[in-house]
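Undergrad: When we follow the working numbering, the leftmost residue of the sequence shown carries the number 79, and every step to the right adds one.
No lab work stands behind these hints: they were computed from the structure. Where is the CB? At the ideal position from N, CA and C, for every residue including glycine. Be careful, since some hints might not be right.
[Said to hold, decoys possible] Pairwise CB distance ranges, derived in the manner of DEER restraints:
{"no.": "1", "residue 1": "328", "residue 2": "366", "range": "18 to 28 angstroms"}
{"no.": "2", "residue 1": "506", "residue 2": "184", "range": "14 to 24 angstroms"}
{"no.": "3", "residue 1": "275", "residue 2": "147", "range": "39 to 49 angstroms"}
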Amino acid sequence: MAKRNLVWILAVILLIMLFWQMPDAANRKDTFYQTFIPLADISSQVKKNYVEPVDDEKLLEGAIQGMLQKLDPFSRYIPPSELANFDNQTTGTIQGIGIFPEERSEFLTVLSPLEDSPAFKAGILPGDQILRIDGQTTKNMTWEDAAKLLAGEVGSKLTLEVRHELTGVIEQITVVRDTIHVFSVKGYVRNRDGAWDYRIDPENKIGYIRITSFLTNTWDELDQAYHQLIRQGARGVILDLRFNPGGLLDTAVKVADRFLNEGIIVSTKGKFQEEVVWRATPENTYSPLPLVVLVNNYTASAAEIVSGALKDHKRATVIGVRTYGKGSVQKLISLENGYGAIKLTTAYYYLPNGQNIHRRPGDKIWGVEPDMIVPVSVEEQLAIKDSRRKADVFWGKLPDTMAADDKKMDKCKPVPLWIDTQLKAAIDVLTETLTTKSNEESQAQILETRVSGDE
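Just need the whole structure built from these sequences, with the hints factored in.
TA: The following block contains the structure:
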């Protein structure tokens, strides 16, 4: 069978899958042909008259993407070449050597290697320049082009010519590509051994946990961070969900369930989907420390589920600005014969109070509205993001001889609280809560002592 015939079979399969969801079965056939006759006609005209040779696969992919994008911004076609990478985005693993690049540099410069990545194990550190990849210069090379050269099968090797920033030495390094775990739970600043310090205010015993996305192992990483804070005597916690684009629903439910022991966490309803409700259970619930959740206009999807559930159940004080409003459920539908998949919106998320999270045209209410609104300017947002990027830099264990005020350590310092006013507000709220709690406990203890004395 000709390749172009196989390509257009895919179009027919996809269109049938979409239109066979129509409730009126009698009209399906007629509607199908009447609607898509122009598509076949356009394809024929393009092949006959277009000035350049036509790639059927690219033409078809564009047609499918255009059709799905007309539904909403989140429905899309995923070709076979992208399907494996799409799965990695939610499982929390990637394949390669594990580096984040520095922007706007002449040569490919490493902002940070990922923890336990092949690059880090090979001795590549922040600031190092990768001059050549398998003999090809990286001078003025885009990150997209460099990523293609760095990508490859697990177990395959590549040779890098690296200039180390700390020593200036240039050497050839052979790196073996591997599967790398991506961590989504982070703290306020790194210790000298490279591990995260989750304490933001040791004096008042306030902890800080930042979740960057909801991946397969996020809840397990959160357990480790929270229990570490408990061992260190934390009396209150800040959960930072700003700039969190979301992720897996199952993970979001597990995270919310850690802070709740009963009640609805989230529900989903759709046109062709019955209502499904997720509820909290008493198992594995954390110690009920005072909690503040930070959100902003980039907090979306799974992050809105967590912040909304904690707010509705009055388990946390939510601070920031109204969240993004991405409350639609996408189902990944595999196509036959290895033709990839479609990610199709099939339902909406609803908070415990019954509110639809999703923002639709004309809506005045969407997402999660904070208990305390603390806006920040665009400049402040950029400063916060830049600070986070620097704080994420992984040096591994720093030599004891490196001074605390070394210029390298300056890269890891968090943004000052006078710039991050939302974080400062969270600390102030928790400090006031803990002070009030301490005063009440002291008064209760005094009263108990007096009663015991009277007896």
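Undergrad: Sort out which numbered hints this structure fails and list those numbers smallest first.
TA: Violated hint: only 2; rest satisfied.
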